Amino acid sequence: MSVGLFILVAVIKILITLFVLLTAVAYTVWLERKVVGHIQNRWGPTRVGPFGLLQPAADGIKFLFKEDITPPHVYKPLYIAAPMIAVVFALTSIAVIPIGNFIWIGNAHIPLQITDVNIGLLVVLGITSLGVYGVALSGWSSNNKYSLLGGLRASAQMISYEIALGLSLVGVLILAGSFSLRDIVDAQSGHFWGFIPKWNIFYGGQFIAFFVYLMAAYAETNRIPFDLPEAESELTAGYHTEYSAMKFAMFFMAEYANMITVACLATLLFLGGWHGPLFGPYILQCLLPVFWFVAKIFVFLFIYIWVRGTLPRFRYDQLMAFGWKFLLPVAIANLVITALIVALKS
Amino acid sequence: MLHLGLFLIFGLVCVAGAVNLLVQRHPINSALSLVVVMGALAAEYLLLGAEFVAAVQVIVYAGAIMVLFVFVIMLLNAGEEERTRGSHVALLIGVPGLLLGVITMTWVLLKRSGTLEVSIGSLPGPPKVLGWLLFHDFLLPFEVTSILVLIAIMGAVVLASRPETPQPAPRGRAQ
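These protein sequence lines map, in sequence, to chains A and B. Using the working numbering, you'd call the opening residue of the first sequence number 912 and step up by one each time. Using the working numbering, you'd call the opening residue of the second sequence number 8 and step up by one each time.
If we strip away everything but chain A, and leave its shape as in the complex, we get (with noise of 0.2 angstroms):
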């Protein structure tokens, strides 16, 4: 593949992902509003377009037209970037996230993805790890006491869970070997017992490791029941309490974007990434991949809103207890034995 037209698809694949996740995230909250909806026996949104369905939209336009309010007593510099920091985080990580296998057009060979790099889950990590500094400096900056305790909040929660987060993955890498991305899921291709599909979850016994994976994520992206840092009864918005307009969107953009790198991240960790029945003519061949990959994400998602509809919130002191002293040791017992059975089959 010559450099140009190399140059052309890459740009053409980052402003299809980029267009792609921005949808995705803004009918994540459309369908989080509607399902909590229905979940708490309301409608959700009904009013803009079927079904509610352009009310993404019409929230877009209203947050970009809204007062921008800087409160006066705000550090400035940080005040103003801290949101940035938090959505660039939360979109960039996609760019190593595979959604599919290969696909020919004519005789050039593209991976769908943006860019497959051998450590592709340590990008995703450290970048998903740089997120805490939106919340953080958005809390220190507003020179607000809830704002303050809301990022204090956020970055002891993150920290903490990113420890049992991080162990519930190296099960997955000592099954498949690699860091890469692509590689953990082709690891994860065919079947065992004639039918049951040979993903993580079912496979290599890493059903505990799915469990904690799914806990601890819930709590890096601040979703009930962890969301202590924007409790809104004892601490009005938490970090954004001192936003409005489209800073505030900003923040929201960047839960919802963190939500979905962490669903791709369990799909292709633990459900399997794009493997499914293939069937039918070529096209529908490479275009089925992508459509379970998408189907998983969905039902992550959907656990995702089932749980904020379900559950109430924890305690300061029980949040920290499960993390260090349940998930933790849950995650250490199951990267032990994981790896014990490894080394005794090898």
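Simulated from the structure, these hints should not be mistaken for laboratory data. Every value quoted in this text rests on a predicted model; they were computed, and no experiment measured them. Be a bit skeptical, because a hint or two may be false.
[Claimed, not checked] Partner residues aside, some chain A positions facing chain B, computed with beta carbon under 10 angstroms:
1. Ile1025
2. Asn1029
3. Ser1052
4. Ile1074
Ideal Cβ placement from N, Cα and C applies to all residues, glycine included.
Given the coordinates of chain A, work out where chain B should sit on it, guided by the hints.
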């Protein structure tokens, strides 16, 4: 060529971040400059071919340790620092010492440039190689270091924990 250009750019960013760390008067700006230094260093490692070290540099230093720094600054609510006139001792001993250090380092590097050269992409990068080195060739030093770190952590916990004095039980609450 592209690699060398990027290497120089990130090197400049790194040095600029380090200078900014010293110049800034507010602790949180200094801490953020240090994050920039860490990030630039990670990029340098990546350019040298040590991709695993680069990723760990970002995850551990920029993503965890510096977050704790920022956390402590936020928790103590540290304000702006005053600018002092500078001490004569620092001027008389520090500047010649720094110059001496730089000259020695340059001399050593120039003298042994043939043997010490690290070309771009030549460091052991893949996690497999690194793991083999850590858990096979250097197993004993690695384990000794981890025990040392553990001792340091336990010492910090012992020092930070309050001395146990019998306290009266709070009223109206069961133990």
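Is the interface hint for Ile1074 (chain A) satisfied, with its Cβ closer than 10 angstroms to some Cβ of chain B?
9 angstroms, holds
Does the interface hint hold: is Asn1029 (chain A) within less than 10 angstroms of chain B, judged Cβ to Cβ?
Holds - the Cβ of Asn1029 (chain A) comes within 10 angstroms of chain B, reaching about 7 angstroms at its closest.
Hint validity - Ile1025 (chain A) Cβ closer than 10 angstroms to any chain B Cβ
17 angstroms, violated
Going by Cβ atoms only, is Ser1052 (chain A) closer than 10 angstroms to chain B?
Hint on Ser1052 (chain A): holds, closest Cβ of chain B at ~8 angstroms, below 10 angstroms.
Violation of the numbered hints given earlier is confined to hint 1; every other hint is satisfied by the structure.
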